[in-house]
Amino acid sequence: MSWLRLRDCSPFLLTVLLLGTLTSGCRKAEPPAPVSASGHLRVVSLAPSITEIVCAVGAGDQLVGRSSACDYPPEVVRRVPVVGDFGVPSLERLLDVHPDLVLYAAMADDTFARRLERAELRNAQVRCTRLDEIPTAIRLVGILLHHEGRAKALAVDLERAFAETRAKALPPGKRPSCLVIIWHDPITAAGRNSFLADLVTLAGGKNIGDEIDRDYFQVSGEWVQARDPDFILCFVMAGKTPVRDILTRQPGWERLKAVRTGHVYADFDNNIMLRPGPRVLEALAILKQSLAGQPPAPPPSVAAP
Amino acid sequence: MSSAITLDGVSAGYRDRMVLDNFSLDVPEGTMLGILGPNGAGKTTLFKVLSGLLVPRSGSVTLFGQPVARLAPAERARLVAVVPQELDIPVAYTVQDVVMMGRTTSLSRWGQPSARDRQIVERAMVYTDVADIRDRPITELSGGERQRAIVALALAQKPRMILMDEATSHLDLNHRLEIMQLVERLNQENGVTVLLISHDLQLASEFCRRLVLLDAGRVVADGRPAAVLTEENLRRVYRCAVRVHEDAETGGLSILPAPRLPAARVGHGIGIHVVAGGGCGEDVLRRLSLCGYTVTCGVLNRGDLDAEVAAALGIETVLEQPFYAVGESAREAARQLAAKAEAIVLTSVPFGPGNLANLDLLERMQAAGKPVLVMEGIESRDYTPDRAAVRRVSELVTHGAAVWRDLADLLTRLPTAASHPADLP
Amino acid sequence: MKPAAPVPRQTHQTRMFWLVLGLTPVLLGLCVLMGAAGIGLPDWTTQPVILRLRLTRVLAGFLIGAALSCAGVVLQAILRNPLAEPYVLGVSSGAGLGAAVAILTGFSALGAFSVPLSSFVLAVLTLLTVYRLAGPGGSRPSVFGLILSGVMVSSVCSSLLMFLVSVAPIEGMHSVIWWTLGNLEVTSEALLAVGGGLSAAGCLAIWALSPELNAITLGHDMAHHLGVRVKVIVAVALGLATLITAASVAVAGLIGFVGLLVPHVMRTLVGPDHRRLVPAAALGGGAFLAVCDAVARTALNVEIPVGVVTALIGGPFFLFLLHRRRKAGGLE
Chain U
1 MSWLRLRDCS
11 PFLLTVLLLG
21 TLTSGCRKAE
31 PPAPVSASGH
41 LRVVSLAPSI
51 TEIVCAVGAG
61 DQLVGRSSAC
71 DYPPEVVRRV
81 PVVGDFGVPS
91 LERLLDVHPD
101 LVLYAAMADD
111 TFARRLERAE
121 LRNAQVRCTR
131 LDEIPTAIRL
141 VGILLHHEGR
151 AKALAVDLER
161 AFAETRAKAL
171 PPGKRPSCLV
181 IIWHDPITAA
191 GRNSFLADLV
201 TLAGGKNIGD
211 EIDRDYFQVS
221 GEWVQARDPD
231 FILCFVMAGK
241 TPVRDILTRQ
251 PGWERLKAVR
261 TGHVYADFDN
271 NIMLRPGPRV
281 LEALAILKQS
291 LAGQPPAPPP
301 SVAAP
Chain A
306 MSSAITLDGV
316 SAGYRDRMVL
326 DNFSLDVPEG
336 TMLGILGPNG
346 AGKTTLFKVL
356 SGLLVPRSGS
366 VTLFGQPVAR
376 LAPAERARLV
386 AVVPQELDIP
396 VAYTVQDVVM
406 MGRTTSLSRW
416 GQPSARDRQI
426 VERAMVYTDV
436 ADIRDRPITE
446 LSGGERQRAI
456 VALALAQKPR
466 MILMDEATSH
476 LDLNHRLEIM
486 QLVERLNQEN
496 GVTVLLISHD
506 LQLASEFCRR
516 LVLLDAGRVV
526 ADGRPAAVLT
536 EENLRRVYRC
546 AVRVHEDAET
556 GGLSILPAPR
566 LPAARVGHGI
576 GIHVVAGGGC
586 GEDVLRRLSL
596 CGYTVTCGVL
606 NRGDLDAEVA
616 AALGIETVLE
626 QPFYAVGESA
636 REAARQLAAK
646 AEAIVLTSVP
656 FGPGNLANLD
666 LLERMQAAGK
676 PVLVMEGIES
686 RDYTPDRAAV
696 RRVSELVTHG
706 AAVWRDLADL
716 LTRLPTAASH
726 PADLP
Chain G
731 MKPAAPVPRQ
741 THQTRMFWLV
751 LGLTPVLLGL
761 CVLMGAAGIG
771 LPDWTTQPVI
781 LRLRLTRVLA
791 GFLIGAALSC
801 AGVVLQAILR
811 NPLAEPYVLG
821 VSSGAGLGAA
831 VAILTGFSAL
841 GAFSVPLSSF
851 VLAVLTLLTV
861 YRLAGPGGSR
871 PSVFGLILSG
881 VMVSSVCSSL
891 LMFLVSVAPI
901 EGMHSVIWWT
911 LGNLEVTSEA
921 LLAVGGGLSA
931 AGCLAIWALS
941 PELNAITLGH
951 DMAHHLGVRV
961 KVIVAVALGL
971 ATLITAASVA
981 VAGLIGFVGL
991 LVPHVMRTLV
1001 GPDHRRLVPA
1011 AALGGGAFLA
1021 VCDAVARTAL
1031 NVEIPVGVVT
1041 ALIGGPFFLF
1051 LLHRRRKAGG
1061 LE
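Chains as they are written, first to last, in this note's numbering: chain U, 1 to 305; chain A, 306 to 730; chain G, 731 to 1062.
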């Protein structure tokens, strides 16, 4: 038998190597293993709404890491270290706090989930981008962190509040029309697939952006003029920029109904308004107030953690 | 007659390189002047200085009595027009568009060209015979047509002087003559001063009554064609041998490179023995073979470059072992070979103790009364400890050996069939 | 029976010119009919604001399209390169960088003029840098030198822009990105007046330079021989092109392809003589951009950045032109 030359072997070897690499990456994600009731899971939350939910179900002391955008409740914020920015977590810092479970929000692609898998961190995605997803998210977090009871109670409360408000809602024709803006340059409005649209609808308003099947989209001055809303609600996270002044000074806006009647509101606490979480009822109340003609009071400046 | 151009002590060049050096020239109006010289002599630089493209470092340039530096561009354009060798026009302007650009300085900005502008353009196009192709895009024209259009462009400026920078190089003969005749007419009928750079020496000598020969930024000769285009001047400036012939009938000059090859194969098998080595004999061996001589060679070391050339040419050679000094048997063989030759030629081979013996062959030939031709400059090629080569070659010369400078020279001194009528078949 | 003589080129080109001149107001009028409030002319008694907004937008499209096209014509003449456009010399990248700096440092809060001013200043600085790099020591920069240094400086500006975008707070980034895609929704009429006025003046000045631009396309040396002060004209022309490009970028962000495409098309229609080409390019470019913007705001029920539409139309068209040029042997 003649010796096989290495050259002849190499295609075969390459194939074996290649297959080996592929299969090794295909380990199935293990579901989080149940831990005994006495053990406390170390939890990292990578989104502000998730942090609030974790605290609301009573597992606040289990938090060992948070994103830089998580700013409520303040005592949690003081105690818990930051492991990355919202949307850009640092895997190193994550590993440093030795979490047992990493909770993250829905993202455009799942590369982050795969990175967590490779680092052998147990993780779970908590979808919480729409109004009706909040109770479900609370229940899920409760299950994951073994605080089912509290979670269920909270979820049920919310669902009941939603149902009641919906039952008492005015028919669409009688509702005040609203333009919901999240950015001023260019003017970006909320479409029907956004949380703000859900909120405004629940609060009794009619979002003029509902005709567009998107979450957020750019609008022209003409579009706004053609619809002439009763209210213009600005949820612009722009620091000190005088958004209301900028908007009302646009050409033609002085003739809009909302501008003439002074119903352009911009002083919302966007940390509450833009965050689908346990404080949604608070957001609802503020909105109802606004739609009744009472502008919100500017939020007190919170000392940065 | 007033002066068209006066250059006085002009030094001009690029960055650190001075191309024109203390250059002076005076050209009266109405002259047709040819500017000749090898590449790098400064002809184009001269034109750049005259047209204001290049500002001289020192010296003064005066155009029609006014210093070039002080002329406004529009004024200057009305005095001087330039016809370059070629113009790369990427845009599909029609011929008429292009010629109209000659009127740039007088065109109105907004409206259509004035009647006068149109008339001038028309006349220029008719003069250069491009009127019937006026609507064709210039990118579609042949070389000759394009160049005529460019001359028309220059004419449309209605200049008092035209600078033509090798403007006819690309043209075929009839177009070249056409343009030259056109320019000549301009010069004679309208008194337009013409300066012409050309590599076509004959053309320049035929059309220009005055020629200026430049070399390395200086004027070498200036005057009538026959006075400027001498063999001496041309050989010096172009660094190659030329022959100038004046036609008795027309007075025209014809300039040809000196014959590299004799007209006839004059060798007729006459035997010439060549003493060479190290590549110095390559040209001689080749040329003599081509001329029909029966060439022999020796003594060479095996592997020597000349030995390989000789082998390739089928030349009978006496060879010594590589790196060895010429030994007795080689010497004897060479003596016998050389004895069969009519003359012996010494090339520029350097001499050392190893090949000094080759000089014996020359001495024997001289003793036999046959012509010995040694190349000049033995002093620089003697590497023997006691300058024996110099001594022996000087002896040879004293006793009648001829000294040759270059191949052309050598060929004239070799015995030819004409000098040996007895050998003719 | 003699066959009909082909229409001489000059006459054909003149006819095309009048066609462009006549067609432009028609197209602009059509654009006024299109908008987010629906197709059709808004009634000026009941919806005066919408009409005014549309007219403003169409006017902005026209002025900016005209400016970008004229800038393209000038650059193609000076650089003698049909691929030259306002962005080749890095003017757009410099302007974009200036805008980003203004937005992200909060300078933009000082008023509506702050961003345009910042982008304008940087556009001019960019051009000066490019010019200096291309021809150091006061010598006349060569065509290749200008293009090369334009590309280099453009890359540097883009990199700086990317850096700023990466470290910026998310909110600022959104504005900058929208800016880089081009947007004719002008929020300040005063800004449009200034920017548009500068652009119009610049275009007129460029038209006035037509004889010199014609001469320069023959080559800088030849133009010199024809009596043109080449250095001065090149500096002035480039300066004008930068001025109107920067004014356009300041008003409407980065809109590409107009300065590349329109001069080409116009040159084939009305010929290369700048006395006809410049106004044709201005009118044609203005109409083109106005139409693109009309499409951008009505094709989908949301706003598309107009730069996207010009790229979608201009890109393939340009590839087609390139293909045809290569087939024809590289000559126009």
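Take these hints with a grain of salt, some might be off.
Claimed, not checked - Distance windows between CB atoms, simulated:
hint, chain 1, residue 1, chain 2, residue 2, range
1, A, Ser419, G, Leu753, 48 to 56 Å
2, U, Pro172, G, Gly1045, 52 to 60 Å
3, A, Ser419, G, Trp748, 21 to 29 Å
4, U, Met237, G, Arg1054, 45 to 53 Å
5, A, Arg375, G, Arg745, 42 to 50 Å
Stated by the list, open to error - Simulated crosslink set (SDA-like; lysine to any residue; CA at most 20 Å straight-line):
hint, chain 1, residue 1, chain 2, residue 2
6, G, Lys961, A, Thr410
7, A, Lys463, G, Arg959
8, U, Lys206, G, Val1032
9, U, Lys240, G, Leu834
10, U, Lys240, G, His904
11, U, Lys257, G, Ala767
The set of hints was computed from the structure by calculation and includes no laboratory data.
The structure presented is a predicted model; accordingly, all values stated were derived computationally and were not measured.
Virtual Cβ for every residue (Gly too), placed ideally from N, Cα, C.
* Asked: Which numbered conditions among the earlier hints are violated in the structure presented, ordered from lowest to highest?
  -> 1, 2
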